[in-house]
Amino acid sequence: MNKAKSLEFIKKYTMIIVLIVVTVFFAWQTNGNILLPMSISSLISQNAYVFILATGMLLCILTGGNIDLSVGSVVCFVGAIGAVLMVEMNVNMWVAILVMILVGTLIGAFQGFWIAFVRIPPFIVTLAGMLAFRGLSNVVLDGMTVSIKECTAFVNLFGGGADCYIPDFFGNGPINITCILAGVVAAVIYVLMQFKGRATKVKKGYEVEKFGVMIARVIVIVAVIIALSISLAMHKGIPSVLIWVLVVIMVYGYITSNTTVGRYFYAVGGNEKATRLSGINTDKVYFLAYTNMGFLAALAGMVTIARLTSAQPTYGQNYEMDAIGSCFIGGASAYGGIGTVPGVIIGAVLMGIINLGMSLMGVDQNWQKVVKGLVLLAAVIFDVVSKRGGKLMAKN
Amino acid sequence: MAKILLEMKNITKTFPGVKALDNVNLQVEEGEIHALVGENGAGKSTLMNVLSGIYPYGTYEGDIVYDGEICQFNTIKDSEEKGIVIIHQELALIPYMTIGENMFLGNERGSKFKINWNETNDLAAEYLKTVGLKEMPQVLIKDIGVGKQQLVEIAKALAKKAKLLILDEPTASLNEDDSKALLELLLKLKKEGLTSIIISHKLNEISYVADKITVIRDGSTIETLDKMTDDISEGRIIKGMVGRELSDRFPKREKKCLTDEVMMEVKNWSVYHPLYMERKVVDDVSIHVKKGEVLGISGLMGAGRTELAMSLFGKSYGRDISGEIVIKGQKVELNSVQDAIKHKLAYVTEDRKGNGLILSNPIKINTTLANLGAVSNHSIIDKDKEYAAAVEYKEKLKTKCPTVEQNVGNLSGGNQQKVLLAKWMFAEPDILILDEPTRGIDVGAKYEIYCIINQLVAEGKSVIMISSEMPEILGMCDRIYVMNEGKMVGELSGEEATQEIIMSHILKADSKGE
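Residue numbers (the working numbering), protein chains in the order written: chain A, 1 to 396; chain B, 1001 to 1514.
To be clear, the hints were calculated from the coordinates, so they are not data collected in a lab.
Source: prediction; values computed, not measured.
Among the clues, some could well be false.
[As the list claims (entries may be wrong)] Which chain B residues face chain A? A few, computed with CB under 8 angstroms, are given here:
hint: 1; residue: Leu-1189
hint: 2; residue: Asn-1335
hint: 3; residue: Val-1337
hint: 4; residue: Ser-1376
hint: 5; residue: Asn-1377
hint: 6; residue: Ile-1381
hint: 7; residue: Asp-1384
hint: 8; residue: Ala-1388
Just so you know, even glycine gets a beta-carbon here, dropped at the ideal spot from N, CA and C.
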């Protein structure tokens, strides 16, 4: 590999490299505690809402660095409505879920309307939403905590409480065989898809990457999948919330990279005028981004109340910051048009590991915030400076 | 002979790939009005930017001698300190500030921590009186007309103690009365000892005010005419501006592509400015283009050509658009870009970086953006097909790039232009409007673009080419419309047209229309 190529390699995989370095650092500092099955399992359940929200936030950021500040409050508001419906009004669980999804999506559409068609700056619209829905959550809950411990079906479905794992269908040994099997199946499917894709490309006469490169990538990913499933199997099995997270990641990963709508998000962020002159309705793209954000905030709201088995007026605080931070750390551009779902997930995992690692090390909460802030700043500086060809200062 | 205030000696300025100025010399005497004329892109504005320090010392070759000493300006501030003040074509006033605030912006009265508003407004009132503007300094800029704003600009320059005033197209956006007033003001200020350099396309105005006229063509000084000794009639100036030979820079079209079948007809098309609602930017224009024809639209910058094209392209510019479009004998309503593309119309913008391409995206994504449907199935993109399409067009247009995965931002101007053309050719239009298709690209790439245009008409498409470069219009077009100030002022066949005829059409309209 020559110098230019290795530089490009480092640039492409910066965040993965950082992730590995950070993990090794914390493994050393916590005597390996961070790699324990229990830690990994809780990393997933604790950060499920970040993965979901960050995916939605990515679409907003893609349209031109626009953020949605209201998601934390919407998470809380949707959760509050769900809890009140199920507990105080005894509404059927499925009806409650439907109502929550509808409310979240409508809130997104409401904000999207002002942003897309009236062209009110997103920062203002969502700041207003952040205030309004925080207030409304208080009103709905009457300032109290509503416990949903009794709604076990709901809690289990969204992966909260003590039994938030997919049960082992093959007995009750110390190792969860279902989990291992699921991991193996996922790995096999991945390998088959890779080879099939390559075969079609060869058949149609398109360019393919070097065989060695592909094998290396497949091996690394299969190893990660298997290691993760073994690790989870040693601690109660697959957290059911992981299913939701994986579905969101896969669906949105596909939409952003393979569909025309996904392409429009990137195009609008890259050059809105050119996109409009290419016959694409850019207003609709903005509207879609924020409506979708509302939808995913509703899902995150359900995950949140299930995990905490209650709804409180203070839930969801700073969730928007976690989501926005993950996007930028994961390589989304603050100017829009650049960023991927896998990248954002890596950003979220990195944030999660830093959180968990510092907690295990017993670092003071306040210092944790300082570190997270600096990591975010460093990530965006890196993004901006590397785009400028390595020059730090904007002038000269 | 009066004292020479400014002398620019052998100024050479190169941009990557283009020599914008080549050994330009300019001498301005104290107390005269010196006009600078030349075609679009001849280098007038570049020269003035060198003089005012926008292009700092060291980025050009040659010397600026001002008031007897060699100057090394690094910023506009440096040149302003010496008394050289430039007023740009686009007014640089801030609408929501008062006249007084604007006049002393960056030059505030009082101390750093406390602006002295009384002094500001008193001084402003004084300068307003000098330029003959009857407005209070406390009036907001947005509340006065363009003509008055131009006077505020001059007052602002005087407030900076200007000794040499440079005006870039000062009357471009003014009506006849305002233009006249402005010219009278310049003559009055000249009597008071102010030296000015004026850049203008309006030759009748130049003949009226200028003492000397320097003609610039293709980045070189051609001649300086003196009012006292030389003939400075419009015809004489035009000869200096355009007197260049047409060499064999244009590929011949192999077979006769032109047919008699009318592809598109536009009737009584009028468009108003999107912000200044009373301004008509396209005025009752009727044109038609035939199948297999290369139609040229010539005119000066600001003639309304881009506005015409964009308003035709799904009303993407302007408001209160009226008129009729007939494509292949059928009357159509094009209310959005989608409609326009559906009716096989394409508009290739003059501003490829701003309106055309997504620079941060690869060639293949840019190529398919206007016609994603062709490479997708039920909204799911077939990436292999997309890649193949991008490669096909890359080869067809001979775009120079390692792969189609390359980001467009890293390509040269000529190759970017080819990607932009590829994007619109991929949308499979019948009518292509090419707006300044060769702007800012080198001669070799230009030739290739001309070849592509020939290929397009050979396939039975119609090309409408908007260009400010007259040789290109003359060399490429079957028929030429001349546009000026929103109106079509002439129609010529490719054979009969010459630069002089086109220019005289524009100038005739100028003196008649105002």
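* **Supplied contact hint for Ala-1388(B), tested at 8 angstroms Cβ to chain A** => holds, 7 angstroms
* Interface hint compliance - Val-1337(B) to chain A, C-beta minimum distance less than 8 angstroms -> Since chain A brings a Cβ to about 4 angstroms from Val-1337(B), closer than 8 angstroms, the hint holds.
* To do: Have a go at the Ile-1381(B) hint: is there a Cβ in chain A nearer than 8 angstroms to its own Cβ?
  => holds, 6 angstroms
* Classify the hint on Ser-1376(B) as holds or violated, based on whether any CB of chain A lies nearer than 8 angstroms to its CB. => Holds: closest Cβ of chain A sits about 5 angstroms from Ser-1376(B), inside 8 angstroms.
* Minimum beta-carbon distance criterion (8 angstroms), Asn-1335(B) to chain A -> Result: violated, 12 angstroms to nearest chain A Cβ.
* chain A contact restraint on Asn-1377(B) - CB to CB distance below 8 angstroms -> violated, 10 angstroms
* Satisfaction of the Asp-1384(B) interface hint, Cβ to chain A closer than 8 angstroms -> Where the cut-off is 8 angstroms and the nearest Cβ of chain A is about 5 angstroms from Asp-1384(B), the hint holds.
* Is the interface hint for Leu-1189(B) satisfied, with its Cβ closer than 8 angstroms to some Cβ of chain A? -> violated, 36 angstroms
This entry does not satisfy hints 1, 2 and 5, going by the numbered hints stated previously.
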